[in-house]
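Peer 1: Residue-level listing of the chains:
Number of protein chains: 2
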Amino acid sequence: MRKATSIITIIFLLANIKGLAQAPSSDSLAKKHQQMMDIIMTKPKYPIKTIGVYLYDGYQTLDAMGPYETLAGLSGVKVFFIAKHKGGVRNQRGMTVQVDTSIDKVSSLDILVIPGGAAETYMQTQDTAVVNWIKRIDKTTTYTTSVCTGAWILGATGLLQGKNATTNWYRAEERLKTYGATFQESRWVQDGKYWTSAGVTAGIDMSLAIINDLMGEKYTQSVMLNLEYDPHPPIKGGSLKNTQPLVKDMMTEMYDMGMQPLFKKYDKN
Amino acid sequence: MRKATSIITIIFLLANIKGLAQAPSSDSLAKKHQQMMDIIMTKPKYPIKTIGVYLYDGYQTLDAMGPYETLAGLSGVKVFFIAKHKGGVRNQRGMTVQVDTSIDKVSSLDILVIPGGAAETYMQTQDTAVVNWIKRIDKTTTYTTSVCTGAWILGATGLLQGKNATTNWYRAEERLKTYGATFQESRWVQDGKYWTSAGVTAGIDMSLAIINDLMGEKYTQSVMLNLEYDPHPPIKGGSLKNTQPLVKDMMTEMYDMGMQPLFKKYDKN
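In order, the protein sequences belong to chains A and U.
The first sequence begins at 64 in my numbering and counts up by one.
The second sequence begins at 64 in my numbering and counts up by one.
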């Protein structure tokens, strides 16, 4: 696994800013560089070294890539993918990413990220090896997180029992109830060590909230500028409350067609 | 190349909604399903069938994956990656994606997407084979687009000469001036067939703006709900104007350390 660029960049930056701070310069410049150092060297609320994103055939691209890219903004972390078996893992469109680590090789993580998807995500809830691995890993994590319908997989472990959580908008309350969790309508929800996000792109917001929690606002702003994350969608939308009823109904019917047969077949009663 | 899920989903949806519309049901339900059909069947402003995302070692993950996932929301499109040579292509952190198509095999596209990155992106501007391929492809496109510092590569082709454009916040005005373009401070800029976006996550906003341009608001809302794209960053930030001066200066110094030596060595005077 190649080391995260952020580590190299930060070390490089540190070395240079130290040099600048020691070089003959105005007091104000030296003070400014010291302040920059203070941001970079902020002691995290908890030490985070390893962040694993669990991939499986059929995961939704941005569910995984949003947190993968955003959480890599934490300094000194190793962010990597884990799958049931190492090798190529397909996203929901057939894009193949090479995964070098498998669940039998990973016995602890500081942060676990579980991305969502559609039918193939639901089928992960039925995979005992995966569900048991998440339960084991959860014992070692500082934070266990899910994005979108990744909450279904996390829910299947029983770890969301009695917790507040969120998930993809699609039948969110009903789905979380299945796993004993209470749906909160929010981009992300933290309940103890469990962080869950709404659908797809909400994983970016949740990841930034985690960074903000660990490192504070100045550090988070540096990560946000690095991602130029000052979003401006062209039109209003993207959540149930901001979507026209007709579009909302259409999307629900479409999801129902794909998912209801699976819910009927596998949901425990 | 596996067909985009969206096509399959839409066909599935169509078949079912047609069935529902014809089934004995209330007039209001039949009318509603007809309205849903009208959204799905919206005739695009221009026919778009092929969308190619150009990948190269060192591209920024979300620069590519944002538009890849968002533009796949257009119905009936094939979205795929293209690289100089087929095989594994590394993002800026070492994640390897399998790319099945190379520039010598692709002679036309309806939409070309050029993602950005850092030093390795700048070096693409010096690769004559790549620059010439983009010029050739551009003759066939409906829209030629760039995300983030992908505008540097697009700029190096000369195609942004005399155009309004945007790019990553880092020395944006100066960089675009190098390529004869005028910087506009905006999440995305359209000038004729050229669409350019600000850094990284702005590629999602630009892609939605393209869908909105092609398909109208109802269709775009369906794509936005599919991505649950109603962003709420935890704090203000992500653009120069929303970032504290100290953080902005720190990030600029950091980027300068990586990039200025390359600009000095390769920029044409």
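Rather than coming from a laboratory, the hints here were simulated on the basis of the structure.
Hints may contain errors.
It does not matter which identical chain is used: a pair holds within one copy or between any two.
Listed below are the simulated BS3-like cross-link pairs for lysine-lysine, each with C-alpha atoms no more than 27 angstroms apart in a straight line [claimed, not checked]:
hint, residue 1, residue 2
1, Lys281, Lys168
2, Lys281, Lys240
3, Lys108, Lys311
4, Lys108, Lys299
5, Lys328, Lys240
6, Lys311, Lys141
7, Lys106, Lys299
8, Lys299, Lys95
9, Lys106, Lys149
10, Lys198, Lys311
11, Lys106, Lys311
12, Lys240, Lys168
13, Lys304, Lys95
14, Lys328, Lys168
15, Lys311, Lys95
16, Lys95, Lys141
17, Lys281, Lys331
18, Lys149, Lys94
Peer 1: Provide an ascending list of the numbers of those earlier hints which the structure does not satisfy.
Peer 2: 1, 2, 9, 10, 12, 14, 16, 17, 18
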